[in-house]
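The primary structure of each chain is shown beneath.
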Amino acid sequence: MFRRIRNGVPGMAEKLDWADPGYFSGESRIGNSVRVLVQLIRPPRGHRTIPTKTGSMLILVTIGVGTAAFNSGQNILYLALSMFLSTILVSGLLSWLNFKGCRWKLDCGRHFRVGEPSPVYLEIKNTKRYLPTYALTFLTGTKSGKGTHSLLLNERMDPGCHNRLDWYFVPDRRGRESIQIKGMVSCYPFGFLKKSISDSYTKEVIVWPARVPYQFSGDKAGRRWQFGKHRRKGDGVELISLRDYRSGDSLRRIHWKATARLGKLQTRETEQEHHQAFSILVDPSRILWANEEQFERMCSFAGTLAEDLYQHDQLQSAHVLGMKRVVVGAIEDLYTFLDQLGTLDRDGSGEQSPAMEHSPLTVRFIPGPEGTVLARMEEGILGQA
Amino acid sequence: MDRLEQAELSAIRWFLGQAVLLVALSGSFFLELGANLLISVAIVLVLISCMSPRPVENIPSMLWRILPGFLLIGIVTDFLLAGGDLLAPLFRMVILLSLYRGMQIRTPREDLQLLLLSLFLLIVTGVLSQEVTFAIQLLAFAPAAMGMLFAVNLAAQDNGSIKEPVFKGFRWGLLLHRVRRRFDYRTFYSGILLFLLMTGMSLLFFILMPRFDIGAALPFPRLKASTSLSGFTDRVEYGDVVSILEDDGIAMRVDVEAPDPPARPYWRMLVLDAYYDGGFLVSPRVAREHREVDHYRFEFTHPGRGVADQSIWTIYFEGSVSSYLPASERFNELRFNNRTTLHLHDLTRVHQADEINATTLSLRYTGMQFDGVVPFGIDDDPLLGMPPVYVDTSGPEYLKDVAYPSTQLSVPGGPENQRILRAALDQAGLREAMPVEKITERLVDFLQAGRGYSLQSRIPDGEADRVLRWVESGRPGHCELYAGAFVLLARSAGVPARMVTGFVGGDWNGFENYYMVRHRNAHAWCEVLDPHRGWVRVDPTPGYGLDPGSVDEAMAGGRLSIDRTFGAYLDSLRILWFRRVIQFDQSDQEEMAELAKSAGLKGFSWFKEILGRVKKRWDRDVEFVSTTGDWMKVLKDGVIVIGFCAGILTTVFLMLRKRRVAHYESRVRRQAGRLLRERDLRGLPSGVPEAEVVERIRYGPVSAWPADPVARIRDCRKAL
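Quick mapping for you: the protein sequence lines, in order, are chains A and B.
The opening residue of the first sequence carries number 1 in the numbering used here; numbering runs sequentially from there.
The opening residue of the second sequence carries number 1 in the numbering used here; numbering runs sequentially from there.
The shape of chain B in the complex, shown without the other chains:
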């Protein structure tokens, strides 16, 4: 038989090990753990070794003996220099060890070590990134690993040892030719069936395994980013938000299970209450005063909860955006997959994670309300009736003397600033004792009159603050300028106001029906304090005034951008991954059980209906015959049914009979054999009648059997 040589099998085992390593390394590449260079080098070396394995064989063994010492020094140094961060140096250590093993001619024990290291890399990558690529990696890893272990099994020699691969004279063409010659299509199809079986069983296990609502911490340190986007930090300067607008990348995906979601929701992330010439920032008191809560579920029981229905909004917040988490003005509950440390800023009703996530973070809100009204804060009462506070806003130093909530009425002092503000208020037509709503409307109209939207806005020089110079210039501007200007004008008019940054709207993915909120959806708007309602959202930027309504209304009116591009399709696969795998929990299991149950009930009721129809027809036929006596008419119905039943019964009977005939003989022989074994007849003198009978039944032809062999075996059992 033309079989593969032991050395060839070992070579295949070695190459499969390289493939396993490549799969593990390729997924790790996108984790930002400071190992990209190392991973690149490792991938290149592994690929070279696959193309030309002979140099690997020629590496002197002395090198492999002295290298571990250097590796150990390097790894320890890396840990020491990491300054308490365990994850990144651990990751690098595993990659180094994998590379060390990958570049050797391995024994099966070393193959197993490589497999374990690669598996560790794969799982860590999957847990940290939670990307759909993990599934693809797993599907590539599994067959390669199984193939490698299978090759180890086949390559075992008679004495249990396994020959190491020999690459002298190795050529890919020759090996592939030999493999093709030895190829057996049955084994190949069996392998495919096996893989499908394994995948199917995995899915079944995944669905059926119980989920417990423990919400414990992750077993690994969480991957965190060092920086966030510039527009979503505690200090936002003019241009920071605009700089994000040119980025078309997705900042978050929002999956909605709610009736009539708004077509353009405002995702409130950061409230900047303090102004200075150049931007807005979070005042020290707001930044300092927050509650730190460590849990995976946060209920918000403050006055003015979200909507009463249990609508679920799941936000998949991409990494490196911000530590501040997007939310609507009001909601009932926020859940994470795992225990998380959250900073709750009760003064401004924003919440902030402990660190900036580097990978996708999943937030599940219940009862989100997008009506644009934030309830009164715990310290907002003093603001009512407070006059504007004039401060030197050339820098944020004034905040040493002015604290929240007064920062929300702080207005730039100085003659030029005052002049511009007064002129603007006059032009806006503001009067004494106007309601806040009217003031807001007038100010928005004033700002938008004769001005447009532009990301490039040239502000003329002058003594006044930048944003006031822009107000006076009448030039087009962007959201930061409009929002900043509105805040200052509102404060001058005695209305407490503050800037809010976050995201607005997003594209609607037409494949899986969810929001794709991109970086270019970053926005700045305002909140003003209405003494009757609370903090009311105001968006002075042109184009954002008209509410497009719900998603359905906007789609009908062509006011919602629906994305059906190929990119959107690929993105929809990602959301499916998050929905069906990452977010799969007990409620999903219950839902699937309900679906299965309803499908079963549906099938059962269909069957019952068919039976009912048959019975009805039968009753009708019986009645017909009894009244008319005409059998022929109903014979047709009867023949079909009876024929069908007879066919089934005949088939079953024939199959059973055939099986009975085939099995009878072997069963009786086995009974005889069992008796012989149990009683250990060897050694008994030949000629014992009972022993001879049993032996004849066991070994002799059927024609030599006695009548009723089963009974004879029973009798012999008693006799022996």
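One chain only, chain A, in its complex shape:
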């Protein structure tokens, strides 16, 4: 029995949800026992037991020996046949027991970005009291991806123990992705029977756009923006002028060289550190972005730029037209914007936020020549990807 985990369902307690094979899902012990017996003969949907090559060979040998035994009445052959049959049965029983008591859940990192490996953790625990668990293979994959990745638990997992298997998932496209445990397989104990339990344990994630190289000259915009205005005095490091010491000035602001030269205490006056905080505006209009590839590049550019600006403490807000504006304060706000970029589709709404329209440090994105994407502000083009 597998469960879907959905992120961000409001109002719920934290879901610590372990999946299990679903052998004993009823209330009554007798009912469970009957169900298990029936399942051993007629496995439920998703449960398969097929013989491996070794198992097929054993079955063939058993049929051969059995035929000879029934024809000849040789008790030695009956003895051998009994041994083979009991081996097959015990193998099936142990295979079933190996899954019993197993619990597993999927967890993954916060970030998934196109082209970058991100860890996916498969936590397994053995809730059996006495028996260990061996040789389980978990088949993982994504809904959109081709192929399946196998995670092999090749260590013994003692009763009550946990284990963790790691997988690095490299998304190849932006958007919503479902990471699945497609099933479990085990050939325990002797490799005669391959028992598999399949279903979809799904964890949904959002894949952010890939990082792209770009050019962006933000201080040019800043200087131009500051041109002609009085430079404010403050606590920065850039020296504007020197003046005589006044009572109350901090001793740290005394310029000692100038003081020695002039013979009287001089205080440094420095410029106030001006903080350039940009806003990013993303317009996903189909009219603007006719080219799908350019649109993807725009998303990547916007995301990469937002991250870099955030790292330099220069990102004030980010807005995707048609979605709620995100004022970037904490890292989670940036993630929210990147999530929006991850799930962004081209649309024809053309909605514009009146407030952002008038912000002078708003970076917008427009298609450029030869598939490039340009970043512009009011004054002109500032960057390109």
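Rather than coming from a laboratory, the hints here were simulated on the basis of the structure.
Quick caveat: nothing in here was measured; it's all calculated off a predicted structure.
Cβ atoms here follow ideal geometry from the backbone N, Cα and C, with glycine treated the same way.
Treat the hints with care, as some may be off.
[Claimed, not checked] Sample of chain A residues at the chain B side, in silico, Cβ under 10 Å:
hint : residue
1    : K53
2    : P159
3    : C187
[As the list claims (entries may be wrong)] Away from chain B, derived, C-beta distances all over 12 Å, residues of chain A:
hint : residue
4    : A69
5    : K125
6    : G141
7    : D158
8    : D249
9    : T267
10   : E269
11   : D345
12   : G371
13   : L382
Following the hints, position chain B against chain A.
Same frame as chain A, now just chain B:
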């Protein structure tokens, strides 16, 4: 976690493969198929490879590529030279291939091949030998094979491939140390339980599997021996039977399911009707005229059947003794486990297998009669009243002119032979028209008078036949001489007589109560034709005259040798093996079912009796109370019963309640989860009340559940 490395697991897998091969080879050693040298070499090589596996790794791979060609040539040559015998060259081929695989560093696929080859060797050995060692081998083979396959499973790497073992720097001490460190007592005990479970299930399958009375031929060619013991061939010379007497090995084991079996039964195997100076032989007509029957069940409906009861005598006849099969004078039916070709000599009423068995042959007789009387044969009438036939018995050439039944009255001619015979008859006091019984008695007395038993008998030289010279000498002798002498004297007296060889008596195994007939029980005696009864057994050898009676009578009188030695105990295990496994058939299954049924009925009647007693006591108490009104006296009985019932009910109630509490929550969550899965709510906009309710039940704490969550789930199911 300190786990074994992949290479170490692969090394363990390799060693277990060697163990499997050793188990298979060790059992094959005792089959006489001309492969003993090959098997010895194989065992030695495998043992060396186990002790020091590094040289195996250093064998160049080129060798393994060119060796199959040479092997193929050798195998084909072996088959061609075998001259139609398939079994021995097939056996050798399998051993060669197993050795080829055993001396390599194997991949898992090659391990599987080795396993199959070893399994084939094991099963063939078991079917051909049918020995108890097969069970021991199987018990050793199974865990080794399972361990090997388990190691293959554990050694699988992430990409599905398996690392080959690396023996560079290998040391046993290091590997064992690593295994000990990684040892988990739970896995060990689980392994033991698993093995016991498998063994138990195997036994159950073995007992319950249906047996069909088809009696078809064996799927393998039967193992046959090239020679038999010297005393049990068509031609027995003096000393042949005696030579067997020094062998203490067991010739056959006889399991008896009959009331009052005789303490010293005579096992009739071979009838030698023709005499010559030097021994006795089967005359050409008797050897030639026989019926060949191919079946597994032979009913003997000739006049004078065996006893009316269905007593069963099972003889486990060891290999390489004789193609002639032991039997009593009369019996009703003979059964084999499988279809067998039998030669029935109706003239002398002996039966002979098509070939000398090399391994234990199982014969099941019904209605055996040991009264010492063989009914008249189909050609015995002319013998009645026929005078002796005097022939030149210096060699068997006279048999060209004298044929059965006249051979049974053939007496050595010549003056010296006649003189001795006449003198002997006179000394025996034989008269004209004496009944056969009297003649027999007189002749036995004559031969035994003043003579004893000796295996070493020096016969004086002379012109007469050897046995007549011995008669005249008065020296002690052995059974062949006594029997031979009696036959000649009886024939001279006009009584048809012949020599019979076989076994007599045997030791009684005190552990499992069966006969252990050894080679030293081989014996020669005579049969004389009584016109009123038929061929009557006569044993002229001293010490064999007095009948010890039945087994019980002989035990009581100390006349039966009971073997309770350690050897007898080990032998009893073998008979148990034959009884419970080899001979296990439909009748045994029915017997076990009857036993189980009677045990069940017994248990049920015991329970019914207990209930009856309880009810009786209860009725008595009720009557007591109703008459006297005194409740206290019966309170004691009531308290115990009521307390017992209340205790059981309370325990059950508490267990159910606890389980209900524990399972209720998980059951309801599972119902909610099932609904979510079935309806695929993902994608529905959030805020749908029904979806939120179901999610809350599925994932939220119990305190957040709505009242009656099961009903809400039902309602939501309808709504969604």
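Each hint, compared with the structure:
Hint status for A/K53: holds, given a least beta-carbon distance of 8 Å to chain B, under 10 Å. Given the 10 Å rule on beta carbons, the hint for A/P159 holds: about 7 Å separates it from the nearest Cβ of chain B. A least Cβ separation of about 6 Å between A/C187 and chain B falls short of the 10 Å threshold, and the interface hint therefore holds. A beta-carbon of chain B comes within 12 Å of the beta-carbon of A/A69; the shortest separation is about 8 Å.
Here A/K125 stays apart from chain B, with its beta-carbon at least about 15 Å from theirs, past the 12 Å limit. Consistency note on A/G141: stated as away from chain B, and its beta-carbon is indeed over 12 Å from all of that chain's, at 16 Å minimum. The non-interface label for A/D158 is inconsistent with chain B: the shortest C-beta to C-beta separation is roughly 7 Å, within 12 Å. Distance check for A/D249 against chain B: the nearest CB is about 60 Å away, which clears 12 Å, and the non-interface claim stands.
Every Cβ of chain B is farther than 12 Å from the Cβ of A/T267; the closest lies at roughly 61 Å, confirming the non-interface assignment. Non-interface call for A/E269 relative to chain B: holds, since the shortest CB-CB distance, roughly 57 Å, exceeds 12 Å. The claim that A/D345 is not at the interface with chain B holds, since no C-beta of that chain comes within 12 Å of its own (minimum 16 Å). Residue placement check: A/G371 keeps its beta carbon more than 12 Å from all beta carbons of chain B (closest about 34 Å).
For A/L382, the shortest C-beta to C-beta distance to chain B comes to about 39 Å, beyond the 12 Å cut-off, and the non-interface label holds.
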